[in-house]
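> The listed protein sequences derive, respectively, from chains A and B.
One point on numbering: in our numbering, the residue at position 40 of the first sequence is 40, and numbering is uninterrupted.
One point on numbering: in our numbering, the residue at position 87 of the second sequence is 87, and numbering is uninterrupted.
Worth double-checking, as some hints may not be accurate.
[What the hints assert, rightly or not] Pairs of lysine-lysine residues, derived as DSBU-like cross-links and limited to a Cα-Cα distance of at most 30 Å, are as follows:
hint: 1; chain 1: B; residue 1: Lys57; chain 2: A; residue 2: Lys106
hint: 2; chain 1: A; residue 1: Lys73; chain 2: B; residue 2: Lys13
hint: 3; chain 1: B; residue 1: Lys57; chain 2: B; residue 2: Lys13
hint: 4; chain 1: A; residue 1: Lys55; chain 2: A; residue 2: Lys78
hint: 5; chain 1: A; residue 1: Lys106; chain 2: B; residue 2: Lys13
hint: 6; chain 1: B; residue 1: Lys1; chain 2: B; residue 2: Lys57
hint: 7; chain 1: A; residue 1: Lys106; chain 2: A; residue 2: Lys70
hint: 8; chain 1: B; residue 1: Lys13; chain 2: A; residue 2: Lys55
hint: 9; chain 1: A; residue 1: Lys55; chain 2: A; residue 2: Lys106
hint: 10; chain 1: A; residue 1: Lys70; chain 2: B; residue 2: Lys57
hint: 11; chain 1: A; residue 1: Lys70; chain 2: A; residue 2: Lys55
hint: 12; chain 1: A; residue 1: Lys106; chain 2: A; residue 2: Lys78
hint: 13; chain 1: A; residue 1: Lys73; chain 2: A; residue 2: Lys106
hint: 14; chain 1: A; residue 1: Lys55; chain 2: A; residue 2: Lys73
Think of the hints as simulated: they come from the structure by calculation, not from any bench.
Predicted, not measured: the structure shown is a model, and the values here were computed from it.
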Amino acid sequence: AQTVTQSQPEMSVQEAETVTLSCTYDTSESDYYLFWYKQPPSRQMILVIRQEAYKQQNATENRFSVNFQKAAKSFSLKISDSQLGDAAMYFCAYFRNSGYALNFGKGTSLLVTP
Amino acid sequence: KAGVTQTPRYLIKTRGQQVTLSCSPISGHRSVSWYQQTPGQGLQFLFEYFSETQRNKGNFPGRFSGRQFSNSRSEMNVSTLELGDSALYLCASSPGGAQFYEQYFGPGTRLTVT
Numbered sequence: 001a002q003t004v005t006q007s008q009p010e011m012s013v014q015e016a017e018t019v020t021l022s023c024t025y026d027t028s029e030s031d032y033y034l035f036w037y038k039q040p041p042s043r044q045m046i047l048v049i050r051q052e053a054y055k056q057q058n059a060t061e062n063r064f065s066v067n068f069q070k071a072a073k074s075f076s077l078k079i080s081d082s083q084l085g086d087a088a089m090y091f092c093a094y095f096r097n098s099g100y101a102l103n104f105g106k107g108t109s110l111l112v113t114p
Numbered sequence: 001k002a003g004v005t006q007t008p009r010y011l012i013k014t015r016g017q018q019v020t021l022s023c024s025p026i027s028g029h030r031s032v033s034w035y036q037q038t039p040g041q042g043l044q045f046l047f048e049y050f051s052e053t054q055r056n057k058g059n060f061p062g063r064f065s066g067r068q069f070s071n072s073r074s075e076m077n078v079s080t081l082e083l084g085d086s087a088l089y090l091c092a093s094s095p096g097g098a099q100f101y102e103q104y105f106g107p108g109t110r111l112t113v114t
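Bound-form chain A, shown alone (with noise of 0.2 Å):
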């Protein structure tokens, strides 16, 4: 089975700041995405950036951008000049090809300070 761990239960992080959220994951499948959602109080989850396994190239969305190191099964979330509206609950998961669903972690809580 897959399971994805988020290490950090809670992060903080100072308006125009910089934050690294952490996620490591263990699978021997070779062919399988990752992603990270962010839940903001509403609770809607909102897809931040996905990441496909076969590429070598970290993802990049704005702000938002991945460290991914697949030898290693890390995929952690760089927030840059982070925002009051970042704050949120972040879920790291991963999806792998055949079993149409997702993996989540346990979550980081970001609060973002003026």
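Put chain B on the given structure of chain A with help from the hints.
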């Protein structure tokens, strides 16, 4: 396009009763997945349907069941409710085909069992 819709948004039931939750996917999406979110267990996969066929099921008791209709709308049913079934139930839809990994979440149904 309209997003994923879930009804009802909030539900209060008594232990022993049964409940049916509904999910309408994004137009054109043929895959629907269900997830349970609780503070203790986090986000857990329930089941996934594609073209009215269940393709994968999570590790939940038989009291949890689902189905998908020909218009891709999906329902999940929980019979003989237990206090531990209190959770946020999230539905996600996916185009299927080559974009099967793209999952778009609905706002969730908050179920409280008393």
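> For every hint, state whether the structure bears it out.
Evaluation of the provided hints:
For a cut-off of 30 Å, the pair hint linking lysine 57 (chain B) to lysine 106 (chain A) stands: about 20 Å separates their Cα positions. Taking the CA atoms of lysine 73 (chain A) and lysine 13 (chain B), the gap is near 42 Å; set against the 30 Å cutoff, the hint is violated. About 24 Å separates the Cα atoms of lysine 57 (chain B) and lysine 13 (chain B), which keeps this hinted pair within 30 Å; it holds. Proposed proximity of lysine 55 (chain A) and lysine 78 (chain A) is supported: the alpha carbons are some 18 Å apart, at most 30 Å.
Pair hint lysine 106 (chain A) plus lysine 13 (chain B) holds up; C-alpha atoms about 27 Å apart against a cutoff of 30 Å. Note on lysine 1 (chain B) and lysine 57 (chain B): the hinted pairing holds, with a Cα-Cα distance of about 28 Å set against a maximum of 30 Å. A C-alpha spacing of about 21 Å is found between lysine 106 (chain A) and lysine 70 (chain A), which places the hinted pair at or below 30 Å, so the restraint holds. A hinted pair counts as satisfied when its Cα atoms are at most 30 Å apart, and lysine 13 (chain B) with lysine 55 (chain A) does not qualify at roughly 47 Å.
Of the supplied pair hints, the one linking lysine 55 (chain A) and lysine 106 (chain A) holds, its CA atoms being roughly 25 Å apart against a limit of 30 Å. For the given pair, lysine 70 (chain A) sits about 27 Å from lysine 57 (chain B) by alpha-carbon distance, which is consistent with the 30 Å threshold. Simply put, lysine 70 (chain A) and lysine 55 (chain A) have alpha-carbon atoms about 10 Å apart, close enough for the 30 Å limit, and the pair holds. Between lysine 106 (chain A) and lysine 78 (chain A) the CA atoms are separated by roughly 18 Å; this keeps the pair inside 30 Å, and the hint holds.
Restraint check for lysine 73 (chain A) and lysine 106 (chain A): the C-alpha separation of about 17 Å stays at or below 30 Å, so the hint holds. At roughly 14 Å between alpha-carbon atoms, lysine 55 (chain A) and lysine 73 (chain A) fall within 30 Å of each other, so this suggested pair holds.
Checked against the numbered hints listed earlier, the structure breaks hints 2 and 8; every other hint is satisfied.
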